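S.K.: Chain by chain, the residues run as shown.
Number of protein chains: 2
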Amino acid sequence: MITFIFDNKSAIPMYEQLYRFIKGEISSGSIKSGEKLPSKRKLAEHLNISIVTVEGAYNQLLAEGYIRSEPRSGYFVSPVEIRHNDNKNIVSTKSAENRVISNFYKYNFTTSSASAESFPFSLWAKLMRETLSEKERMLLLSSPAQGVYELRKEISEYLMNYRGVSVSPDSIVVGAGSEYLMSIMIPLIGRDKVFGYEDPGYPRIHKVLERNDVKCKSVGLDEHGLICEELDDIDVIHVTPSHHFPLGVVMPVQRRMKLLAWANKSDSRYVIEDDYDSEFRFTGKPIPALKSLDEHDKVIYLNTFTRSLAPSLRISYMVLPDSLINKYRNETNYFSCPVPTFEQFTLASFMRKGGFERHIGRMKNICKSKRDAFVNEITKSSINATFSGVNDGLHMLMQVNNSMTEKELVKAAASVNILMRGLSEYYIEPHAHKCPESTVVIGYAGLEEQEIHDAVKLLEKAWK
Amino acid sequence: MITFIFDNKSAIPMYEQLYRFIKGEISSGSIKSGEKLPSKRKLAEHLNISIVTVEGAYNQLLAEGYIRSEPRSGYFVSPVEIRHNDNKNIVSTKSAENRVISNFYKYNFTTSSASAESFPFSLWAKLMRETLSEKERMLLLSSPAQGVYELRKEISEYLMNYRGVSVSPDSIVVGAGSEYLMSIMIPLIGRDKVFGYEDPGYPRIHKVLERNDVKCKSVGLDEHGLICEELDDIDVIHVTPSHHFPLGVVMPVQRRMKLLAWANKSDSRYVIEDDYDSEFRFTGKPIPALKSLDEHDKVIYLNTFTRSLAPSLRISYMVLPDSLINKYRNETNYFSCPVPTFEQFTLASFMRKGGFERHIGRMKNICKSKRDAFVNEITKSSINATFSGVNDGLHMLMQVNNSMTEKELVKAAASVNILMRGLSEYYIEPHAHKCPESTVVIGYAGLEEQEIHDAVKLLEKAWK
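If you're matching them up, the sequences are chains G and P in order.
Be aware that the first sequence starts at 1, since it is given in the numbering used here, and climbs by one per residue.
Be aware that the second sequence starts at 1, since it is given in the numbering used here, and climbs by one per residue.
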């Protein structure tokens with residue numbers, strides 16, 4: 001029978017601990033394909049936990065296809081070819097790799113690991129129930145193409161109060177994730193345009209541009225962010241001025257003005273401001289968005305709730321300049337908004353009632369103290385490291401001065417069960433732009449403070 | 001020295017009031033570029049506030065690049081030109097023409113008007129509540145790219161039982177609407193391919209293809225559906241074999257085999273089977289999908305729950321052939337599924353518990369009796385009309401033999417407060433394919449039987 005010791009002190013719910021354990025056993029082959037799992041009741045008795053916990057774990061395994069249920073017979077481990085698909089994913093895509101590989105590491109310092117424990121699930125569930133009874137059959141009507149007005153109004157107020165951006169709800173388009181919005185936006189701008197992206201940067205952006213079959217070109221960064229001199233033969237540039245990923249640079253106002261001046265030079269030029277992570281500024285107040293300086297309506301503002309709320313909520317939005325919003329209305333309005341009205345109403349009510357603001361505040365405190373814990377532990381330790389990009393966002397850079405190369409650092413960390421990525425992995429055209437040496441990207445949002453403490457102890461040994 | 005009166009009653013923190021004030025002075029040019037700011041201590045004394053407040057304001061200005069700090073020398077205004085951006089034009093919304101127009105008519109016979117009254121909202125709400133309490137925090141996890149396994153399993157069983165299609169849940173990709181799935185599918189097939197579409201047909205399909213910037217070509221229909229002889233220079237054809245929109249043709253098996261034979265002739269050829277409305281066959285049993293005859297894995301099957309459940313539920317799915325599903329996994333798996341896990345779990349449970357089957361059965365009865373009501377009322381009336389495409393789907397064609405042209409029929413109907421569309425409106429290249437004369441498209445799902453009765457009385461007068 002599956003035997004497993006729960007960590008009662010962990011913030012990870014018990015069902016999830018059990019789910020992770022069984023998934024690990026299946027992935028490693030300890031539980032073989034076709035094998036029958038114990039019944040929920042038996043396993044609950046055996047582990048002295050409630051049936052609901054076992055059920056939660058089994059349901060997740062079912063949902064992910066690791067096991068299958070046979071009526072009146074029980075739960076069986078799925079045949080290998082299903083999991084074989086998972087293995088293919090490991091080879092081919094980084095984010096999938098993250099998800100699967102990360103289960104084999106005890107400590108996951110990649111930036112995709114996020115903290116969901118602080119999400120106010122009970123408030124959210126309450127608002128869902130309220131939406132259900134208040135909106136009733138209205139939930140069956142299709143959403144306006146741009147998204148439900150109530151939500152766009154809340155977003156426009158949020159942008160005014162927190163990002164210094166004054167836009168009408170009418171300029172906002174709600175969509176299911178940034179990739180979706182990019183695929184709406186690109187035909188509006190024109191697929192014949194040259195799209196620039198930051199290098200280093202999110203590999204995902206580069207992939208989305210490639211999938212949309214547009215010409216794209218990488219642009220380097222200096223200590224103030226994007227190098228505007230490299231923009232000459234580019235029409236549209238995707239930037240993260242609030243907090244560059246992964247360098248953590250906050251673009252100063254001079255560079256912002258320079259970037260806008262570049263955009264103003266031609267009608268066909270646009271700046272796509274990806275304001276991801278802007279909620280997580282730990283020192284001082286958030287820096288207003290580039291969009292707030294945009295006098296000539298050249299900035300397309302893009303942000304998402306997926307990162308600040310929960311990964312299952314694929315709700316993103318963009319603010320389109322007048323020229324594009326009119327084109328959007330004429331050409332794309334026959335589309336329906338892909339986000340269900342139910343989630344849109346719930347989120348609007350969450351924002352209206354201050355839940356979003358409180359959640360961000362709470363998240364900021366949690367993440368700030370995790371960040372402090374990491375920096376303090378490293379500083380106290382024998383590791384000689386230099387940090388950058390520590391004031392904002394959910395990751396930082398750490399240059400380790402122990403004469404190990406980046407690859408050696410990552411490998412040594414892996415040898416003590418710690419997953420992290422080298423900075424060079426985020427360079428899309430490594431030959432064009434020089435990567436700082438011996439630097440790793442640290443995402444700390446997914447770890448508990450105690451785990452951070454333990455992990456640094458291990459790193460100290462590994463990096464000796 | 002900077003002089004400024006704080007608003008003690010304001011909810012804005014003092015440091016932020018000061019920051020805003022200084023920023024305004026810099027932006028307006030009252031404090032000039034290069035000018036030295038007072039030291040923190042001096043300004044604090046002058047304004048009778050704490051040094052911490054001044055520090056907060058200066059740090060924010062520093063972070064945004066409005067000022068710079070020079071060691072042992074002080075704070076200086078950075079050289080930059082910034083202008084105010086407070087008053088921006090607010091765009092007025094032009095709502096979708098269709099939705100506004102339809103509000104001016106008492107009776108709406110367009111096909112976009114659908115019946116939501118039979119949707120089992122209370123069962124759905126109950127399942128939503130169950131999902132909420134059963135899945136709990138699991139709802140916060142991101143959905144696998146292809147969609148939640150539980151839902152894909154239900155879809156695969158539905159396809160087996162109702163459409164004669166045997167596919168593994170692993171070949172199914174869940175997405176938010178057909179447009180979304182098309183935009184995922186097209187790059188997999190290749191944007192260099194020539195895409196064919198039925199003419200007449202859904203204008204939406206043609207638009208989606210155009211938006212994806214692929215070469216496309218219209219293909220005509222005869223009484224058996226798509227004319228295969230027109231497919232020679234086409235790679236991928238979008239068809240609605242179960243029930244052509246708007247002609248209502250059900251493609252007979254000979255034509256289906258001919259279409260598959262065409263597809264089998266080249267590796268790069270595919271058929272996109274859009275199986276929309278296939279649930280609503282009133283006479284006899286449903287005709288198996290084209291996909292069920294597809295021995296060489298050349299058919300991409302596409303269907304949606306939006307029409308059969310509720311317009312707000314943007315849940316569609318496609319079945320990809322092996323060649324494409326592998327490509328999908330390698331290239332697109334870093335995408336997240338845009339449909340929230342909450343809706344996916346709820347729909348899976350709705351299907352598992354037989355709710356979907358019962359709902360379709362009920363809808364069929366309701367729509368069948370609406371169809372009968374319309375046909376009977378017309379037959380009893382003085383209107384001399386011929387129907388076609390009445391056995392399936394939620395619309396039919398009506399040719400009116402009163403020597404009025406199509407345009408005159410539509411206009412006369414409008415004069416008595418009735419909205420309907422002429423068949424010619426669905427011809428994308430009207431010169432290439434000949435449209436039957438004096439024919440209107442009747443969508444009856446959105447009207448009550450009494451309304452149908454009243455509307456026909458009005459039509460009788462209008463078409464005299």
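Hints in this document: simulated from the structure, not taken from any laboratory.
You may find that some hints are simply not true.
You can't tell identical chains apart in this list, so a pair holds if it fits in one copy or across any two.
Stated by the list, open to error - Simulated crosslink set (DSSO-like; lysine-lysine; CA at most 30 angstroms straight-line):
#1 K380 / K42
#2 K368 / K407
#3 K106 / K135
#4 K217 / K106
#5 K193 / K327
#6 K411 / K464
#7 K457 / K106
#8 K153 / K461
#9 K42 / K215
#10 K23 / K327
#11 K411 / K106
Because the structure is a prediction, the values reported are computed rather than measured.
S.K.: Each hint: holds or not?
M.R.: Hints, one by one, checked against the model:
1. When the C-alpha separation of K380 and K42 is checked against a cutoff of 30 angstroms, the pair qualifies neither within a copy, at 47 angstroms, nor between copies, at 36 angstroms.
2. Taking the shortest alpha-carbon separations for K368 and K407, only the intra-copy value of 28 angstroms comes in at or below 30 angstroms, while the best inter-copy value is 67 angstroms.
3. Taking the shortest alpha-carbon separations for K106 and K135, only the inter-copy value of 25 angstroms comes in at or below 30 angstroms, while the best intra-copy value is 44 angstroms.
4. In this assembly of identical chains, the alpha carbons of K217 and K106 never lie at most 30 angstroms apart, being 37 angstroms within a copy and 54 angstroms across copies at closest.
5. When the C-alpha separation of K193 and K327 is checked against a cutoff of 30 angstroms, the pair qualifies both within a copy, at 16 angstroms, and between copies, at 26 angstroms.
6. When the C-alpha separation of K411 and K464 is checked against a cutoff of 30 angstroms, the pair qualifies only within one copy, where the shortest distance is 13 angstroms, while the shortest distance between copies is 85 angstroms.
7. With identical chains, the CA atoms of K457 and K106 are at most 30 angstroms apart within one copy only, with a shortest distance of 13 angstroms there and 74 angstroms across copies.
8. Proximity of K153 and K461 under a CA criterion of 30 angstroms is satisfied in neither setting, with 53 angstroms inside one chain copy and 47 angstroms between copies.
9. Taking the shortest Cα distances, K42 and K215 never come within 30 angstroms of each other, neither inside one copy (58 angstroms) nor across copies (55 angstroms).
10. For the homomeric pair K23 and K327, the shortest alpha-carbon distance between copies (26 angstroms) is at most 30 angstroms, but the shortest distance inside one copy (48 angstroms) is not.
11. Taking the shortest Cα distances, K411 and K106 sit within 30 angstroms of each other inside one copy (15 angstroms), while across copies they are farther apart (71 angstroms).
The structure does not agree with the numbered hints 1, 4, 8 and 9 stated previously, though it agrees with the rest.
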